[in-house]
Amino acid sequence: MARVVVDVMLKPEILDPQGQAVARALPSLGIEGVTGVRIGKHVEIEFDGEPDLERAQQIADRLLANPVIEDFTVRAG
Amino acid sequence: MARVVVDVMLKPEILDPQGQAVARALPSLGIEGVTGVRIGKHVEIEFDGEPDLERAQQIADRLLANPVIEDFTVRAG
Amino acid sequence: MSPRIGVVTFPGSLDDRDAARAVRRAGADPVALWHGEADLLGVDAVVLPGGFSYGDYLRCGAIARFAPVMTALVDAAGNGLPVLGICNGFQILCESHLLPGALTRNQHLHFRNRDQRLRIDANTTAWTGAYEPGDVITVPVKNGEGCYVADPATLAQLEGEGRIVARYVEGNPNGSLHDIAGIANEAGNVVGLMPHPEHAVDQLTGPSEDGLGLFTSVLKHLARVAA
Amino acid sequence: MTVDTVELAAKDPELVQPFAALGLEPDEYARIGAVLGRRPTQTELAMYSVMWSEHCSYKSSKVHLKQFRDKAPASDRLLVGMGENAGVVDVGAGLAVTFKVESHNHPSFVEPYQGAATGVGGIVRDILTMGARPIAVMDQLRFGDADAPDTARVLPGIVAGIGGYGNCLGLPNIGGELVFDPSYAGNPLVNALCVGVMPRERIQLSAARGPGNVVVLLGAKTGRDGIGGVSVLASATFDAGGGPAHRPSVQVGDPFTEKLLIECCIELYDAQLVAGIQDLGGAGLTCATTETASAGGSGMHVDLERVPLREASMEPHEILASESQERMLAIVTPADLPAALAVAQKWGVDATAIGEVTDTGRLVIDWRGETVVDVPPASLADEGPVYDRPVQRPADLDLLQATDPSTLPRPSTPDELRATLLRMVASPNLCDKTWVTEQYDRYVQGNTVLAQPEDAGVIRLDEASGLGIALSTDGNGRYTRLDPYAGAQLALAEAYRNVAATGATPIAVTNCLNFGSPEEPEVMWQFAEAVRGLADGCQALGTPVTGGNVSFYNSTGATPINPTPVVGVLGVIDDVARRTPMGFPTAGTILLLGETHEELGGSEWAWEEHGHLGGRPPAVDLRRERALAEVLIGGSRDGLLLAAHDLSDGGLAQVLVESCLRGKVGAQITLPADADPFRWLFSESAGRAVVAVADAPAAEFTGRCDAADLPWTSIGTLGGDSLSLEGSLDVPLDELRTAYEGTLPCLFD
Ligand SMILES: Nc1ncnc2c1ncn2[C@@H]1O[C@H](COP(=O)(O)OP(=O)(O)O)[C@@H](O)[C@H]1O
Ligand SMILES: [Mg+2]
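Residue numbers (numbering that gives the first Met the number 0), protein chains in the order written: chain A, 0 to 76; chain B, 0 to 76; chain C, 0 to 226; chain D, 0 to 748.
Worth flagging that the hints you see were computed from the coordinates, not collected in a lab.
For every residue, glycine included, the Cβ atom is placed at its ideal position computed from N, Cα and C.
A few of these clues could be false.
Unchecked claim - Below, a sample of chain C positions facing chain D; criterion: calculated Cβ distance under 10 angstroms:
1. Pro10
2. Gly54
3. Tyr56
4. Phe65
5. Arg104
6. Leu108
7. Asp134
8. Thr137
9. Pro139
10. Lys141
11. Asn184
Model the full structure from these sequences, guided by the hints.
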């Protein structure tokens with residue numbers, strides 16, 4: 000089983016309301032000391048042959064991430 | 000800056016409509032050889048002090064994941 | 000014979016019948032276009048309707064962009080074919096790079112359906128000629144990812160070139176930058192609008208008939224270019 | 000992996016089987032052996048355990064529910080009655096409408112978003128199965144106290160889940176209920192209703208007939224999700240800790256696949272390519288194969304390894320019990336198979352032939368060359384155990400009914416009355432529900448004529464003629480707790496009144512009965528009384544029950560929820576253009592129809608102001624309800640009504656505030672000289688409505704009321720920008736609006 004992992008995050012300058020909502024909720028759980036939360040996507044791609052970073056890169060570039068608002072990283076999982 | 004990363008994924012036996020939709024779309028991008036795609040959340044938590052895996056674990060447990068359908072991993076980022 | 004306006008149905012399109020109804024009410028013939036066919040059947044204009052194409056999984060419009068019909072549409076739009084993207088259609092136009100920027104999760108994180116006041120700021124597009132700049136209309140908005148974002152340069156350009164077609168007034172329902180509800184491409188033939196004019200064409204089923212103007216506008220536009 | 004086969008079952012009769020762990024009673028297990036003449040295979044045992052569960056077999060409710068059929072009033076509109084996936088009624092013009100309400104309470108507690116979402120998905124498939132295109136949904140939600148921590152945990156997710164699934168399917172949400180009461184604290188109620196329409200001749204039935212016909216599984220792949228969900232999860236009481244007694248597997252919904260399934264099925268129906276069809280809901284393939292084979296009086300053979308799986312390692316009992324969503328089972332003739340598969344392919348829906356109809360009268364299931372199931376399908380689908388459980392009137396009921404609210408302190412000065420009014424309209428049960436309903440698409444499909452907060456949702460069926468339907472659901476757990484027979488009838492009466500208020504004629508009823516544990520005689524008594532009341536009420540109103548659903552085991556620890564029958568009434572209106580809205584017009588006379596008595600038992604006022612639940616619920620007078628309905632419908636037909644709004648929780652005060660705010664107009668109210676303002680404003684007497692009429696035809700309208708023997712009182716005029724009550728109150732609309740609209744945003748944003 001050949002897995003490649005792509006993590007997609009909103010660009011730093013783009014507001015992440017979901018992350019903010021989590022961050023805001025923390026004090027009420029008695030959790031202090033968190034300065035920020037960002038929430039993105041964690042994508043696991045299984046290839047039938049070798050883990051193919053190049054094709055994963057392509058998939059991320061064309062489909063998984065929107066370059067206007069998102070950055071991504073690709074790694075063998 | 001002390002970052003902890005939490006990855007939240009649907010349990011393997013649970014349907015992942017998002018991943019399925021992406022997997023089905025790949026051929027139309029001319030991409031073959033992908034046997035499966037699973038999509039979860041990638042969460043980056045910033046602590047002001049030390050990266051605090053324990054508190055991150057708590058946050059994941061109580062806010063980020065529902066153990067009934069999701070598993071998560073916590074690691075220093 | 001009256002103009003033929005195509006309405007594309009993607010898997011998961013929902014407001015396609017309603018868009019066709021609005022087209023008919025405006026006096027044109029709706030023509031059903033299928034996502035799987037790279038053929039626009041010679042229509043005079045195209046509406047990309049609202050809905051949840053491909054479930055809006057991953058990102059709204061991200062998968063629909065690769066449908067065969069879109070390759071044909073991107074070319075035709077480049078040659079001046081009037082295209083209106085409503086809600087999910089707007090998202091698809093941005094994903095296809097026919098329009099700049101992107102539509103992201105509503106700031107309050109909720110799907111929101113309400114009767115929204117809009118100000119028409121540009122009547123120079125193929126789809127807004129029937130309005131006067133400054134007209135304030137009431138049209139339903141219903142989306143979960145309608146928050147328009149773009150980098151400062153793009154926003155400045157849109158403002159500078161008068162390409163912000165409509166703005167939210169009396170309350171911004173999703174956090175869109177510059178209260179943007181709709182924008183146009185440089186040529187003005189491609190317009191994306193988050194609110195739903197097709198649901199404001201009949202007092203019986205909508206909050207107003209203010210939305211009909213978008214569909215009558217394109218008829219005016221087509222008549223003008225034909226002449 | 001070695002699997003238990005029919006052959007082994009015969010060879011080794013002594014094998015000890017875990018029937019108790021699967022929720023089967025010893026005598027039930029013995030009965031399976033008697034039916035089969037041998038011990039069941041492990042796979043068969045799993046099938047019996049899910050089909051004979053309370054949820055699928057209705058074993059505790061059947062003996063009571065049959066009253067709905069026995070007492071059903073004659074109706075020439077009823078095309079398909081109880082017992083099918085949903086009832087079907089004739090609405091004229093060649094169209095048939097099907098509707099049903101169902102519960103998804105326990106899954107929504109465990110996984111609020113997905114539990115609620117899949118609840119919508121399930122009821123939509125029931126409607127689709129009948130041959131109809133789903134055209135609208137409604138949701139009936141009940142939670143613990145609005146400010147309770149667990150309410151904050153479950154409510155946002157449940158609302159988002161209802162919206163997420165319904166919006167993505169393109170189904171307008173046209174109404175529902177939102178109720179807060181501590182009795183639901185550890186056990187929220189999530190009921191969902193769907194309504195669909197079809198040409199009369201398109202009605203589909205779920206019978207597998209015609210030996211040689213192919214059994215086709217449509218839609219999603221089968222996975223390990225929701226296995227045992229029905230028998231273990233859906234019927235599991237929560238432990239005192241509020242957590243689920245068993246860690247359930249919850250399903251994740253895929254509305255996109257369901258949307259494709261809808262379009263695919265409707266194209267199959269129109270092309271007449273299916274001979275029978277059944278949705279896969281609770282108990283998955285087990286339920287669909289046994290119900291269709293049993294209904295067809297035929298046999299069926301299934302090759303289990305042909306079922307497309309998400310996980311290859313699944314065992315036969317898992318495949319058969321899986322509750323993977325977004326699946327349908329179609330019976331197709333061999334000649335039609337290629338065309339049917341082509342339609343499925345067009346919509347991107349997976350379609351797989353998994354077996355065929357036989358004439359053996361047995362359901363035979365093979366897996367990897369071995370026979371793992373060989374049973375008479377009726378023994379699972381229709382001949383399950385039936386219990387006539389002991390009933391006992393709750394010991395505390397006499398005391399409860401004796402503690403009448405008449406002694407509670409009441410506002411005695413104009414200032415106190417004003418403060419009471421503002422607190423009441425701001426209370427969680429009476430306040431504006433926009434925070435919730437804004438998350439639902441009400442416009443999609445372009446036929447929504449009325450939606451929340453109107454008394455009933457109204458949907459246009461035919462653009463040319465304007466023919467349409469109206470739908471409303473109601474239920475009051477406090478009334479039902481005080482008197483289950485009357486409480487069920489009050490729920491029916493209110494939904495009936497709501498439909499009539501829009502100008503539509505009520506024609507049929509659906510219901511979802513949410514109760515505690517049937518094994519508790521006091522709960523079973525509440526259930527029996529509620530069903531009896533509803534059946535009698537439907538008979539009196541001439542509206543047959545066409546279908547519904549029962550949800551038992553709704554309790555936290557030892558305390559059952561308030562008994563909560565949710566009743567849905569369907570009405571038909573020949574031209575939706577003449578529907579009566581609830582918002583007041585800018586001018587006219589306000590009439591109060593019906594009689595106001597001092598009836599505060601179980602009232603919103605007693606509960607909200609004093610935390611008091613006691614006495615008797617308002618008196619039921621179904622002849623009065625009929626008369627009121629006829630006057631409201633006639634007034635709408637002849638254009639005499641500018642607005643109408645039915646009275647229920649919160650009484651007259653609530654209705655005046657809602658109709659003024661909706662119409663953005665004030666009202667000057669003058670009560671009869673001898674009237675006690677407090678009683679007139681907050682009593683909850685049934686059989687009442689407020690209407691606005693233009694001054695000219697007022698006399699004609701009141702003449703009709705007199706003729707119908709319906710008391711009426713002229714209580715004021717419209718205009719200005721405040722709600723005033725002569726001699727005691729004058730509240731600006733802005734102040735009312737702030738109080739009314741502020742509550743939910745402040746609780747949940
Ligand atoms: N409270 C009720 N009133 C009337 N009919 C009911 C009620 N509860 C269940 N039924 C009927 O019993 C049958 C089985 O119910 P259910 O298991 O919910 O059907 P399904 O599995 O199709 O959802 C259906 O026809 C349903 O309408
Ligand atoms: Mg069913």
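Hint check:
At its closest, the beta carbon of Pro10(C) sits 6 angstroms from a beta carbon of chain D; the interface hint therefore holds under the 10 angstroms criterion. Restraint check, Gly54(C) versus chain D: the minimum CB separation of about 3 angstroms is within 10 angstroms; hint holds. Annotation: Tyr56(C) was flagged as interfacial toward chain D, and the flag holds, the nearest CB pair being 7 angstroms apart, inside 10 angstroms. A cut of 10 angstroms between beta carbons decides the hint on Phe65(C): the least distance to chain D is about 14 angstroms, and the hint is violated.
Against a cut-off of 10 angstroms between C-beta atoms, the interface hint on Arg104(C) is violated, since the closest Cβ of chain D lies about 12 angstroms away. A least Cβ separation of about 9 angstroms between Leu108(C) and chain D falls short of the 10 angstroms threshold, and the interface hint therefore holds. Below 10 angstroms, beta-carbon pairs count as interface contacts, and Asp134(C) has none with chain D, the closest being about 21 angstroms; its hint is therefore violated. At about 13 angstroms, the closest approach between the beta carbon of Thr137(C) and any beta carbon in chain D exceeds 10 angstroms, and the interface hint on this residue is violated.
Annotation: interface hint on Pro139(C) holds; nearest CB of chain D at approximately 5 angstroms, less than 10 angstroms. Taken as an interface hint, Lys141(C) checks out: its beta carbon lies about 5 angstroms from the nearest beta carbon of chain D, inside 10 angstroms. At a threshold of 10 angstroms, the smallest CB-CB gap from Asn184(C) to chain D is about 27 angstroms, leaving the interface hint violated.
Checked against the numbered hints given earlier, this structure breaks hints 4, 5, 7, 8, 11; the rest are met.
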